[in-house]
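K.L.:
Chains A and B, in that order, are what the protein sequence lines are.
Read in order, the letters of the first sequence correspond to residues 34 to 420 in our numbering.
Read in order, the letters of the second sequence correspond to residues 34 to 420 in our numbering.
Please note that a few of the clues may not be correct.
Since the list gives no way to pick out one identical chain from another, each pair is judged satisfied if it fits inside one copy or across any two copies.
Computed list of lysine to aspartate or glutamate pairs in EDC-like fashion (alpha-carbon distance at most 20 Å, straight line) [claimed, not checked]:
hint	residue 1	residue 2
1	Lys289	Glu69
2	Lys229	Glu218
3	Lys132	Asp291
4	Lys150	Glu216
5	Lys229	Asp87
6	Lys150	Glu86
7	Lys289	Asp374
8	Lys380	Glu342
9	Lys229	Glu174
10	Lys380	Glu69
11	Lys380	Asp291
12	Lys132	Glu55
13	Lys289	Glu188
14	Lys150	Asp340
15	Lys150	Glu69
16	Lys150	Asp106
17	Lys229	Asp198
18	Lys380	Glu280
19	Lys150	Asp352
20	Lys132	Glu157
21	Lys229	Glu305
22	Lys380	Glu188
23	Lys132	Asp340
Everything labelled a hint here was simulated from the structure, so no lab data went into it.
For clarity, every value in this text was computed on a predicted model and none was experimentally measured.
There are 2 protein chains.
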Amino acid sequence: MPADPMSTALLPAGLHDVLPNEASHEADTVERLLAEFAGLGYQRVKPPLVEFEDSLLSGSGAAMAQQTFRLMDPLSQRMMAVRADITPQIARIATTRLKNEPRPVRLCYAGQVLRVKGSQLRQERQFTQVGVELIGPLQPEADAEVILLAVQALEAVGVPHLSVDLCVPTMVSRICRGLGLGEEETRHLRAALDRKDAAGVAAVGGPAAPLLQTLMAASGPAGRAMQALGALALPEAAETDRRRLTETLRLLRAAKPDLTVTIDLVEHRGFEYQTGLSFTLFSRDASGELGQGGRYRAGARPDAEEDGEPSTGFTLYMDTLLRVVPATQAARRVFVPHGTDWAVAGKLRAEGWVTVAGLSPAADPVAEARRLQCGHRLADGSVQPVD
Amino acid sequence: MPADPMSTALLPAGLHDVLPNEASHEADTVERLLAEFAGLGYQRVKPPLVEFEDSLLSGSGAAMAQQTFRLMDPLSQRMMAVRADITPQIARIATTRLKNEPRPVRLCYAGQVLRVKGSQLRQERQFTQVGVELIGPLQPEADAEVILLAVQALEAVGVPHLSVDLCVPTMVSRICRGLGLGEEETRHLRAALDRKDAAGVAAVGGPAAPLLQTLMAASGPAGRAMQALGALALPEAAETDRRRLTETLRLLRAAKPDLTVTIDLVEHRGFEYQTGLSFTLFSRDASGELGQGGRYRAGARPDAEEDGEPSTGFTLYMDTLLRVVPATQAARRVFVPHGTDWAVAGKLRAEGWVTVAGLSPAADPVAEARRLQCGHRLADGSVQPVD
Chain A
34 MPADPMSTAL LPAGLHDVLP NEASHEADTV ERLLAEFAGL GYQRVKPPLV EFEDSLLSGS
94 GAAMAQQTFR LMDPLSQRMM AVRADITPQI ARIATTRLKN EPRPVRLCYA GQVLRVKGSQ
154 LRQERQFTQV GVELIGPLQP EADAEVILLA VQALEAVGVP HLSVDLCVPT MVSRICRGLG
214 LGEEETRHLR AALDRKDAAG VAAVGGPAAP LLQTLMAASG PAGRAMQALG ALALPEAAET
274 DRRRLTETLR LLRAAKPDLT VTIDLVEHRG FEYQTGLSFT LFSRDASGEL GQGGRYRAGA
334 RPDAEEDGEP STGFTLYMDT LLRVVPATQA ARRVFVPHGT DWAVAGKLRA EGWVTVAGLS
394 PAADPVAEAR RLQCGHRLAD GSVQPVD
Chain B
34 MPADPMSTAL LPAGLHDVLP NEASHEADTV ERLLAEFAGL GYQRVKPPLV EFEDSLLSGS
94 GAAMAQQTFR LMDPLSQRMM AVRADITPQI ARIATTRLKN EPRPVRLCYA GQVLRVKGSQ
154 LRQERQFTQV GVELIGPLQP EADAEVILLA VQALEAVGVP HLSVDLCVPT MVSRICRGLG
214 LGEEETRHLR AALDRKDAAG VAAVGGPAAP LLQTLMAASG PAGRAMQALG ALALPEAAET
274 DRRRLTETLR LLRAAKPDLT VTIDLVEHRG FEYQTGLSFT LFSRDASGEL GQGGRYRAGA
334 RPDAEEDGEP STGFTLYMDT LLRVVPATQA ARRVFVPHGT DWAVAGKLRA EGWVTVAGLS
394 PAADPVAEAR RLQCGHRLAD GSVQPVD
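Chain A with its partners taken away, still in its complex shape (with noise of 0.2 Å):
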C-alpha cells in the first residue's frame, strides 16, 4: 500500500489504514494459506496480543526486545510487551499449554505483530504474520515437509516462479570449532563471509580457510553445491549438518522434482536464532523474500544449545507476498432498486451477486447505478449491464 499524504498525516510513520480491496484482498490470502496448511493437519492457535513481557521475551523471544513496545498492567502491576514476532508464542503453547498432546504438534498461526521502528528496507511497524510450526521431531522428513509447505502454499494462492534457498546457518561455526578457530577470529571469518569477500576469508580464516572458500564459491544451484560439499573433507562437528542437508534435498527431489532450489553454503545473516537447517522462499517475481523458516529449539533457554524440543516452521511477510498474489476476481455489483424485496435481493446474492441496496428512490437508476460503483442493475425483474 502506497503511503498517501493524507495518510502520513493522520496516523505515526510505519502504520496504516489497509483500505477497500487490499484488506479483502490480504484476507482472503491469509485464510487460503491457514486453509493449505490446516490441510496437512496443522492447527490453527491465536496467542494474545500483549503477554508479560517475561515471558514473551525469554528464549528465543529475546531477539526482539529492542523492538518490542512496553505496557504497564494496572491489573498486576508487572510490565507487559506488545507481540513484535508470533513464533516464540507459539513455541510456548506448544511447550506448555500442549505439552501433554502427541508428537509432533503442527501448529499454525496469523496475527498482527508491531514493533518500534521499522528498517530501511520495510518502514512499516505493524505486520500480518502467517506461518507455521513444526515441534518434537529431529528427522529431515520434518525439515522437508515445512518446505514442501511452504511452497505449496504459496503456489495455491498463485505466486508465481517460487524457489527455496537452503542454509545451515550452523556449519560453518561448527567447522570453525572443529578446526580450532577461536571465538574472536570466527566472528571476524563470519564478517568476510557476511561480505562474500574471498580474499578477507583468506587472511582471517586460518585453518579454516581453503574450506570455506570452496564452500563460498560452491554456493549456488542445489545440484552443484551439493557436488561441492560432497567432495570436502569436513570435521566431525559439521557432518550431521551435511547429511542434514543431503537427505532433505533428497526428500525435496523427490516429492517436487520441478522445485528450484539453490544452497548458500555459508549463509548465517538473519538466521542467528536457527539451530540447524534453514530456508528463504523467494519469487522471481518479487523484490525481497516472501518467507523464511528453519530449525530452532521451542521452549529453550537461550545459549543452552541442547535445551528445549527439535523444531522447524517458516513465518511469511505479507507484505512482500501480496505484491505477487494475483488479486482475486471481484464479484460483481449488482444496483437493487429503492424498495426492491429483501428476498430478491438474497436470490441474487445465491447467485453470486454482490447487491448494492438504493436507500431512496432515484430518478435515474442507470446513473444512480453507475455512481454507486456497480456495473449491473436489477430492472424489471432481471439483471442488465449499465454500461
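Add chain B to chain A, keeping to what the hints say.
P.N.:
Relative to the frame of chain A, chain B by itself:
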C-alpha cells in the same frame, strides 16, 4: 474459553491463548460473517492496531479513553494509543481517506482490540471485534438494512432463535426537553428509568412522568409497544424518533415477517454515544448480547449533535457469539505413513482429507494413527478406518 490454571499463571488476567479447534472456529466464523457483509457491498478495511492518541480518542473515540493503553512513539515523540474499539477508526477512514467516495459508504471490519481492564461481566481484555458501518444516509432504509444484515449474518453462521431489541436512546431526553425539564431533573429521571423504577419516575418526572411511565410499561413485543407509542401525544422534538422507529419496524416486518422484534422505549444505558435508532441482538440460547449497533454521526466533534455524517452500523461480540455458533464439522484426519509420495497425500487432500504424515517409520501404523488422533490411515493404497 475457560481459563485453566496454567494459562492464568503465564498470561496477564483477561488475556488468553485460543487453542486448536477454538481458534479455527473463531476464524471461520469471522470470515463467514464478513462474507455476508460483502454480499451487500460492505467493503473490508483494516485500520492499524495503534494510532496517535489525539486521533484515536477524538469524537466518539473519547468514550474509551479510560480503557485505552498508551504507548510513546519514539519516532514522533508523540503519544500513541492501542485501539480499544475499531468503530471510531472506521468513521475516521470514511470521513478522511474515503471522503471522496460516493455516499453511502459501506464498510466492514474484523480485528483485535485491547482494553486496560475487563468489566465484571467480561473479564477479557482482548476482543475480536467484527462489524459494519454504513456512512452517509439518513433514511430508515439504512437502519433497516444494517439490522437485517446483522440478522442474516448471524443466521448464516447458525445462531438460533434470534431477536432484535430496538430502542431510541434520544427519545427520553427529547421528551424531557420538550416538556421543559432541566438537566438535573432529567438525570434523576434517567436513573429511575434505568432501574425500571416506576415509583421513582413518578416522584422525579414532573410533567414528563405520565408519558414516561406509559413508555416504560409499553416496552416489550414490538406490536404492543408501537400501539402504545402511537396513542401518545409526544412533544414535537420526539416526533422524528417515533416516525423513524415506526418506519424502520415496517421495513423489518416487510423483509422478514418472522423476526422477533422487541422495543424498549426508555433504554439508554450503553447507547450514550448513539444519536438515534439503536438495537441489540440476542439469541434465546446465548446468555448475553450478541451485538449492538445504531445511529451516530461519523467524524462529529463531541457534543456537536449536527456535526459529522449521519451513520449507522453494528458490532458483534465474538466471545458471546462463538458460544452459540455450532462448530463446523472438522475435516477427517488420515494418517499417511512414512515414505508416502507427496503427490499421493496431495490427492487425498484434494478429496477433502487432512493428511497427517508419519515422519519416520512406525512399527504399528494403526497405533501410530490413533496416537496422532487420526480416525483413518492410508494402507495398501486406500483409506481405511483405524477403529
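K.L.:
Which of the listed hints are broken here?
P.N.:
Checked against the structure, the hints that fail are numbers 3, 4, 5, 8, 9, 14, 15, 18 and 20, while the rest are satisfied.
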